[in-house]
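Trainee: One-letter residues, chain by chain:
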Amino acid sequence: ETGVTQSPTHLIKTRGQQVTLRCSSQSGHNTVSWYQQALGQGPQFIFQYYREEENGRGNFPPRFSGLQFPNYSSELNVNALELDDSALYLCASSLFSSGNTGELFFGEGSRLTVL
Amino acid sequence: QQQVKQSPQSLIVQKGGISIINCAYENTAFDYFPWYQQFPGKGPALLIAIRPDVSEKKEGRFTISFNKSAKQFSLHIMDSQPGDSATYFCAASMLAGTYKYIFGTGTRLKVLA
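Taken in sequence, the protein lines are chains S and C. So the first sequence is numbered by the working numbering: it starts at 1 and just counts up by one. So the second sequence is numbered by the working numbering: it starts at 1 and just counts up by one.
If you are wondering where the hints come from, they were derived from the structure by calculation, not from laboratory data. Take every hint as true, because none was put in to throw you off.
Computed footprint of chain C on chain S, listed as stretches where at least three residues anywhere in the stretch have a Cβ under 8 Å from a Cβ of chain C:
#: 1; segment: 40 to 49
#: 2; segment: 52 to 62
#: 3; segment: 102 to 109
Over 10 Å on every C-beta distance to chain C, these chain S residues come out as not near it, computed from the model:
#: 4; residue: 16
#: 5; residue: 70
#: 6; residue: 73
#: 7; residue: 86
Derived CB-CB ranges, DEER-like:
#: 8; chain 1: S; residue 1: 103; chain 2: C; residue 2: 5; range: 18 to 26 Å
#: 9; chain 1: C; residue 1: 28; chain 2: S; residue 2: 103; range: 15 to 23 Å
#: 10; chain 1: C; residue 1: 28; chain 2: S; residue 2: 39; range: 28 to 36 Å
#: 11; chain 1: S; residue 1: 71; chain 2: C; residue 2: 3; range: 32 to 40 Å
#: 12; chain 1: S; residue 1: 59; chain 2: C; residue 2: 15; range: 34 to 42 Å
#: 13; chain 1: S; residue 1: 51; chain 2: C; residue 2: 94; range: 14 to 22 Å
#: 14; chain 1: C; residue 1: 2; chain 2: S; residue 2: 18; range: 27 to 35 Å
Ideal Cβ positions, reconstructed from N, Cα and C, are used throughout, including at glycine.
Just chain S, same shape as in the assembly:
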């Protein structure tokens, strides 16, 4: 069973640039969620994708956008980067079905630094 994998693991961007982060979900999972974890804080929900559509969004501006592909992998795109976007971006996959607990399985994250 393959776990959740994310790429890249680390990257540095400058303010105003755009970034794309990628995630491959765990085998058998059909839902992908993205979380932002600032240093010393708990993860904060950005959005979730199910059946290639956004299925819920947290308090993040529209410059945070995403995609889910037919193989359930996903991308997180952030435009017009700001210094406060510096964080660990976590992808989590889960199996959405009736009666399922919704257990999230996290990847190891992509550490984004915005200068």
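Add chain C to chain S, keeping to what the hints say.
Mentor: Same frame as chain S, but now just chain C:
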């Protein structure tokens, strides 16, 4: 209403001791309460979870105590080991609809050998 408050922020325990981390929530619609363990440079990993229809759940050295009337739940780590040194996050979620988790701010646990 969407917050989960976690305490303490940091905790130092002697090897073999009991580590206790507390969380409180406001939204009574939450019906799933997991605890995650995170080591430096790694993503959070599910440790143990509970639903509000039980007051306690135990898995090995880890126990969740749940008080529905007080809207509080806690993680107890018995016989704490240096390998337990990590950051622990509580979370709350509603199983229906989006599996959006609200995380606490984390507790950095250090177990002294």
